[in-house]
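Add chain B to chain A, keeping to what the hints say.
For reference, the chains in residue letters:
2 protein chains.
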Amino acid sequence: MSGGPPAQGDPGRETASGRVRLRLLPDGRPPREVSVPPGVSVFEAASWNGVAVDSTCGGHGTCRKCKVRVVHSADGAGGADPVPVSRLDPRAFTPEQLREGWRLACLARAVSDLEVEIPALSTRPKAATVGVGRQVILRPAVQKRYVELTEPSLSDQRPDLERLLAALDDLEPVPDLHAVRAVGRVMRAADFKVTAVVVDEVLIDVEPGDTSGSRYGVAFDLGTTTVVATLLDLATGTPVAVRSMLNLQQPSGADVISRISATMLDPSALDRLRDAARETLDQLAREVCKEGEVSPEHVYEVALAGNATMVHLALGIDPEPLGVAPFIMATRALPPLLASDLGLRFHPRARAVVLPALGAYVGGDIVAGVLAAGMDRDRRLRLFVDVGTNCEIVLGDADRLLATAAPAGPAFEGAQIRCGMRASAGAIETVRLAPSVELGVIGDVEPVGLCGSGLVDAVAELLRVGLLDRSGRFVPGQEALRLAPELAGRLTTVGEERVFVLAGDVYLSQRDVRELQFAKAAISTGWRLLLQEYGAGEHEVQQVLLAGSFGSYLSPASAVRIGLVPGLALPRIVSAGNVAGEGAKLALLSVQERAGALALLEEIRYVELSDRPDFNDRFVDLLSF
Amino acid sequence: MSGGPPAQGDPGRETASGRVRLRLLPDGRPPREVSVPPGVSVFEAASWNGVAVDSTCGGHGTCRKCKVRVVHSADGAGGADPVPVSRLDPRAFTPEQLREGWRLACLARAVSDLEVEIPALSTRPKAATVGVGRQVILRPAVQKRYVELTEPSLSDQRPDLERLLAALDDLEPVPDLHAVRAVGRVMRAADFKVTAVVVDEVLIDVEPGDTSGSRYGVAFDLGTTTVVATLLDLATGTPVAVRSMLNLQQPSGADVISRISATMLDPSALDRLRDAARETLDQLAREVCKEGEVSPEHVYEVALAGNATMVHLALGIDPEPLGVAPFIMATRALPPLLASDLGLRFHPRARAVVLPALGAYVGGDIVAGVLAAGMDRDRRLRLFVDVGTNCEIVLGDADRLLATAAPAGPAFEGAQIRCGMRASAGAIETVRLAPSVELGVIGDVEPVGLCGSGLVDAVAELLRVGLLDRSGRFVPGQEALRLAPELAGRLTTVGEERVFVLAGDVYLSQRDVRELQFAKAAISTGWRLLLQEYGAGEHEVQQVLLAGSFGSYLSPASAVRIGLVPGLALPRIVSAGNVAGEGAKLALLSVQERAGALALLEEIRYVELSDRPDFNDRFVDLLSF
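Listed in order, the protein sequences are those of chains A and B. The first sequence begins at 1 in UniProt numbering and counts up by one. The second sequence begins at 1 in UniProt numbering and counts up by one.
The shape of chain A in the complex, shown without the other chains (with noise of 0.2 Å):
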């Protein structure tokens, strides 16, 4: 015997750094290439990029469907096995078949570059359209199985829980005690025809007769300002209601740094904030399952996305070290957690799950966002832009994604902007020089004050027609009678501002524009750095997304014309909608999507702005329109 145990060897494969490349291969469709973190299993891999793979089970390795044929390329890594045998293969294939490459797909790990033979369907899975137009297959956590068991009797005295696990013969879940509690009588009371429900691999309850038809989810977009609830229905992919309301932490601050402040200035804060949260989260459950006419206690699971202060805050972990240098979040990814962990009320067992955050300022609302416009998987260089008070950016294509939060202050909040007001009935939201003034007014009312979307197109307009100069300054009454004259007589003076009269007594002033300025210049500088990070010029990005309700107002052309994004063509920049509850969405549609958001915490690089010697002087120069 040797004189002890060897040292440590190698570190290994798992840790190799970059993706991996799997050459699918479905039968009787055309061959599919697609790049995945290494470690990531076939099935996953397969799964996300839309080739569908045989399973009832979800990718757990209990259906034992997703049998698939790794082809040794002939040019491998020297006669070692590129794909391990598992330790359920050999329940699933002979040794035979083994030996020709034969695996089950959720369990055959990618870490070198793979082809894979994927038989043809033996069902054909369901299907849903969800994000920025992807097509998802339906995997969700939450499945339901019907089985009429066969009664106990004294030569059968198997426990009524083995007798109920061993019917379902595709899942092998883990009881929560709940279904423990339920099982015996249930049975009993249903004579042996009973539903099994299984969220992620637990069995958390037993339902009378065939229920297998009802199973829902909640998806939810907690936002710092506005709260959106989507019902699922997880057999059919089908959002069945939606509801959104303004969240009740509003009076405790506007932004998350005045929500974090409070906590630190009052002990009773967080409690508070925290039950203002639930209390809109429940709030808009109630409605959403009343008008989607479902019980509560049908919904079995819920996806949350939002950023990293409101997550925190919703679960009562205090946010103070967010709000503080050097910011820190408590974790990324939160372990499986219950809906009643949020407070929430569905089934008394109905699980959450949380999309991880990829830090402080770059949330789980950005990582759906993200999943949602499918970034990891496009083979397009794409830039990702959330504005707000906390403007998060994105750039990259399937093979890299870099991140980057960049402090654009409030002005599209239309706070620090004097005649400013958030996006509701009053406000002008469009603004169109040409060459009178037209406004476009939420509401169809009088106007009142400008928001977010109508200050750009404002300052846009005013560009464009020459009002103001491209350092942002409105130019002398001469020249602007010169070049405007139908407008000129709205430049006019305020205390000692000068400002721009839209309507009656709603203008834009000076001062108005250089908050914008502020704004605009942190935001390109951020989109700028990335760019240069990546190696890649202005130009060469295939794809501009206008995340989150703001995004979704913005006009391209002024974003265009204030340099607030790349100078594409109009049809390059795309309102991508609620991106982040699309991202709760596929979370709950499929566990491979949710496994997703979690690789995405590796896939994408953080690049910290604030450190770099050359954030200022760019800053300073994208000052300018």
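Hints are supplied without guarantee of correctness; some may be wrong.
For identical chains, the list gives no copy identity; a pair is met inside one copy or between any two copies.
What the hints assert, rightly or not - Cross-link-like lysine to any residue pairs, in silico, SDA-like; alpha carbons within 20 Å at most:
(1) Lys65 - Asp275
(2) Lys65 - Pro348
(3) Lys193 - Pro326
(4) Lys193 - Glu320
(5) Lys126 - Arg498
(6) Lys126 - Phe615
(7) Lys126 - Asp233
(8) Lys193 - Asp318
(9) Lys65 - Ser624
(10) Lys290 - Gly237
(11) Lys126 - Gly237
(12) Lys290 - Gln532
Worth flagging that the hints you see were computed from the coordinates, not collected in a lab.
Only chain B this time, still in chain A's reference frame:
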């Protein structure tokens, strides 16, 4: 590409029946041969048998210290690797070491006979003597790690939880929400010097400063009559405090059947019985913590052994199917629970382990007892008898274990006996007729009745002196006078029944003798049929273990004389004490022992007596003494 997925292959070696043999070669110590159920890890197999393998994580694949070398036997399976390389082995070993057979013992599953070299230990593991003289290596599921962390900075923005987890170099726990809530606050309050509390791969809390010396568990023996709690110091294995009390469920019935009946008659009884069990456990919990001067917050895990009915009731699971044919449990093994699921107020996320049950009438108390007695790893043929209203019998050795339950009736509890009473103050617990009447009375008071052990003694002594004949009848007065002149005067009649007066009003009646005969016949039919099933004779039994509190008081000589147990030399008949409680302690002290309890479910074969055609003949034959 082939035409479709292949048909399912060989179910593989995992389902092979029978035990596998391991030859363990610990460095510098003599080789040791052990047999274990197939699929058990080499680490567990060694630990169960007292052979220590280096480990700090306790066998979870995280510390990478349990390095062993699997010796490829020359007559191996034709070149097939007897222990495939696991997912984590490449992180611990070089490719050459892997080829030489080095593996992590906790991930190396023994599915065929193996020879394994075990390096010398780098640290000396702690051990404790528990159960029936068993030396157990301490590997509690509760672990603590004190760490001094570097403070976060702009150049090290890792989230608090990741910072903590990275500092735990031998554990990789999943965080509980409670720990996520605590981590940031506690780190900052304690100057980044904190203790991580991990229970069975879950990070349940983060405590300020170094609390690593303070980790406790409570083992409960939840008996139908008596409940015992033992507070254990998990760092040393030492019992700190022990308390017992009567089960507060008593007013609802003395035995399991009457309590099950109570729930069937009154819909509120289940909740009431659940609450009574919880109050009993909670009261004992308070008492042991007070006596041991341990804060309940420092109790992180409990283990509970009880019969199936007690466990069902304590968890609020309807016990009705246990009480009526075909006698069905909800489940044999419960999922991991929280102590709060049992109503216990320890650390809010303290876990609970419930010892698994083999069947409705061979419960977790018996599995715990078999574990504590080490019956699955002893080469001697042993008979385990837990005498009570329901008598559980286990027979076997390291190679094979058989169990059955015999309905002995309430004679041993003193019920159905004219002057019967429970073993409390005033109960006659020993009887000697040598030649005058010598009585042992509990509490040194005047005798008021006869408890189970006194009943057995009285009958045994009357048989010895000849006042009872082998058929169980009091001999006629004349014969009595001839055989035992000093005692014959005590033979008289009460009503129409012959009795033997023990003291004052306390006597043994002819019907009492009949009751004991029925009980004895049931038990002795049980072990005789198990012996027949095993293929061994009565005198091949090498040890009889009398379990339970009744077993502790029973006189071995009397038990042999009335034929309750095989007629062995008296030193071979051992009172094993409260083995159910010892089994619960084992489950707290060692995760390997806990796994061993689960393995017993597969190892012990239950033999049903009631459907055997020869049961009644045997029973009638055995009514005689």
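Which earlier hints can't be squared with this structure?
-> Hints 1, 2, 5, 6, 9, 12 contradicted; others consistent.
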